[in-house]
Amino acid sequence: MRKAKDWLPGFLLVLPSIILIGVFVYWLIFRNVSTSLDRTVTRASKRVTNPGGLENYTKLLGSDDYQHALFNLLVLTVVFVAGTMVFGLLWAVLLEKGVNAEGIFRSVYLLPMAISFIAAGIVWRWLLSPGKGDQAVGLNQLLAMVGLERFQSGWWQSPSAFSMAAMALPAIWQLSGYVMALFLAGFRGISEDQREAARIDGASEWQVYRHVLFPQLSPIALSALIIVGHMSMKMFDLIYAIAGQNSYKASVPATMMWTQMFQQNNPTAAAANATILLVLVAIVVVPYLMYTNKTEKETRG
Amino acid sequence: MTATTNEVVPAGAAMGGEPIPSRVSTGKAPGTEGTAVGRTVRYALLVLFLVLILLPLYVLIVTSLKRSADVTASQAWSLPTSLSFDGWKSAWDSLSPPLFRSLILATSVAVLSAMLGSVNGFVFSKWRFPGATTVFTLFLFGMFIPYQAVMIPLQGMLLAVQSTPGFSWFDGIVKLIAVHLIFGIPICSLIFRNYYATALPTEILEAAKVDGAGLLRTFRSVVLPISMPAFVVTMIWQFTSAWNDFLFALFLTNRNNGPVTYALNELAGGQNPDYPSIMAGVLLASLPTLLVYIVLGRYFIGGLMSGSVK
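Chains as they are written, first to last, in this note's numbering: chain U, 1 to 301; chain V, 1001 to 1310.
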């Protein structure tokens, strides 16, 4: 152990940040959990709105509204993650060998990331208008203009139980460029010699990708998966901007929490909802943080 | 992300030089590899995606320049027949006060966060204390949490501060500056830590120690002078996140003291939408971050690569 004289100044310098994170992250999480366990009774009719304790959670988890929101979230996340991974990887493969004006393609593919979800959502609300035929605007009208009228859709407002998949479109538009940037940097980090060696061994171009390049990108794919996946779970702004404040059709736990808080004036239920959301995100993120921590220690030696 | 991508992309390189390196020269001009058919398909696909990504921007620009009466369903995708700046004027009228507030918010957050981040990053990379790794991991978790999980008690706590006598100024933008500064600590510390880990040779620090320099003097005379790239990346990152944030704004501010995202949502949420004005508003509210991206794109990407996304 080093002497305290050596490390103490550093610790003192970081101490304010440690206190702030301790209070605003961990203490507030604790406060939120304790709010979520409250028992509440309406003042006038003495009706029990929240039974208190863990029953608050079983009540929420058992409610149709919450299960609907959870199902929406699952659909959104699957399509969103799959979409960004497919487009991100495709664009990276298209660009990685170097093309003319690579910088322009790259910059445009990443451009949507610079725009806020709320601003993007306002445009996409119009693009995803459900009208068809003569009523068509936005994407539906564009589809008609290029002769693809049969692909017109009600988008997120269509009657299908899986309509939330359409909400992933704007999200994919915003974040595929980010996944592309991660993959592209990964491709560029692999030395040319490895491809050359595989080619000399008689590997086809596809086999070079399949057996030499892709396996080395799997840590990056994992990062991208975790980052996009946890963003999907937290997604609020975009859905709020596209579907409006209290859309049941497009409800996910994060937007439902807003409704519980401000429309139903039930902070206890909102807190329980937020706690479950935190647990869901933690299930994805904590193993990942531990994994990066471990690999980092190994590389440090 | 953190160490995983660092195996492939050194964080220092992500900030000092090109965040995405160019292809190692293979002796051929770019874009000449593969067969002619393969090349054509590749370029066709690249251009197709380029057009698809720019479609929403096209709608924004075109609609913002039309007269309200001209924005009929059948004309929505066509170019305006006559240019009108009415939409821009009315958007500016309703958005200029919140735009100004957002500018103060994002600039203050960028500067303060970077200062705090550089100190933290230095300690976590080169002046470590026992348990530093654990503390840092606990910081990182704070970067990933859904802010919904702290929002209800946060709202109450900040309101309690505000209603303390003498603290009525703790409202609106000031509140948001504090919140973004605090919840930005993890990502800013991470960017600087990764930067110093590669850009700051331990030998220099040892030499400073031999010369009898303490922590603060070492930081001031050795560390700060080489910190510029990480400062730029962090400031852009925090500027963009504070500017684009909506969740905190929605819970902690109101239409009279909120940032531009709040006002934009109100502008777009009316009963009789005035599309030219709404689309001009979206552009106005996005211009600062788009400008930062276009002018300082390489640092913007550097932030993406070294950190993660909120």
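There's no promise every hint is true.
Unchecked claim - Chain U stretches covered by chain V per the calculated footprint, using a threshold of three residues with CB under 8 Å from any CB of chain V:
no., stretch
1, 8 to 14
2, 179 to 188
3, 237 to 246
4, 266 to 277
As the list claims (entries may be wrong) - In silico DSS-like links for lysine-lysine, alpha-carbon gap of 27 Å or less:
no., chain 1, residue 1, chain 2, residue 2
5, V, K1209, U, K5
6, V, K1209, U, K3
7, U, K59, U, K46
I should point out that these hints are in silico values taken from the structure, not numbers from a laboratory. The structure displayed is predicted, hence computed values, not measured ones. Virtual Cβ for every residue (Gly too), placed ideally from N, Cα, C.
### Check of the stretch 237 to 246 of chain U against chain V for coverage (Cβ-Cβ below 8 Å, three residues minimum)
That given contact holds, which follows from 4 residues of the stretch 237 to 246 of chain U lying within Cβ reach (below 8 Å) of chain V.
(request) Take the stretch 266 to 277 of chain U, compare each residue's beta carbon with every beta carbon of chain V, and decide whether three or more fall closer than 8 Å. (result) The restraint on the stretch 266 to 277 of chain U holds, since 7 of its residues have a Cβ under 8 Å from chain V and three suffice.
Checking one constraint from the list: CA of K1209/V to CA of K5/U, max 27 Å. Satisfied?
holds (13 Å)
Worksheet item: CA of K59/U to CA of K46/U, is that 27 Å or under?
Response: The given pair, whose Cα atoms are some 19 Å apart, holds under the 27 Å limit.
Exercise. Counting residues of the stretch 179 to 188 of chain U that have a beta-carbon nearer than 8 Å to any beta-carbon of chain V, does the count reach 3?
Worked result: Coverage by chain V holds here, the residue count being 6 at a Cβ distance below 8 Å.
(Q) Using a Cβ cutoff of 8 Å, are there at least 3 residues of the stretch 8 to 14 of chain U near chain V, or does the coverage claim fail? (A) With 6 residues closer than 8 Å to chain V, the stretch 8 to 14 of chain U meets the three-residue bar; holds.
Given the hint that K1209/V pairs with K3/U, does the C-alpha gap stay at or below 27 Å? Cα-Cα ~15 Å, so holds.
When each numbered hint is compared with the structure, no violation occurs for any of them.
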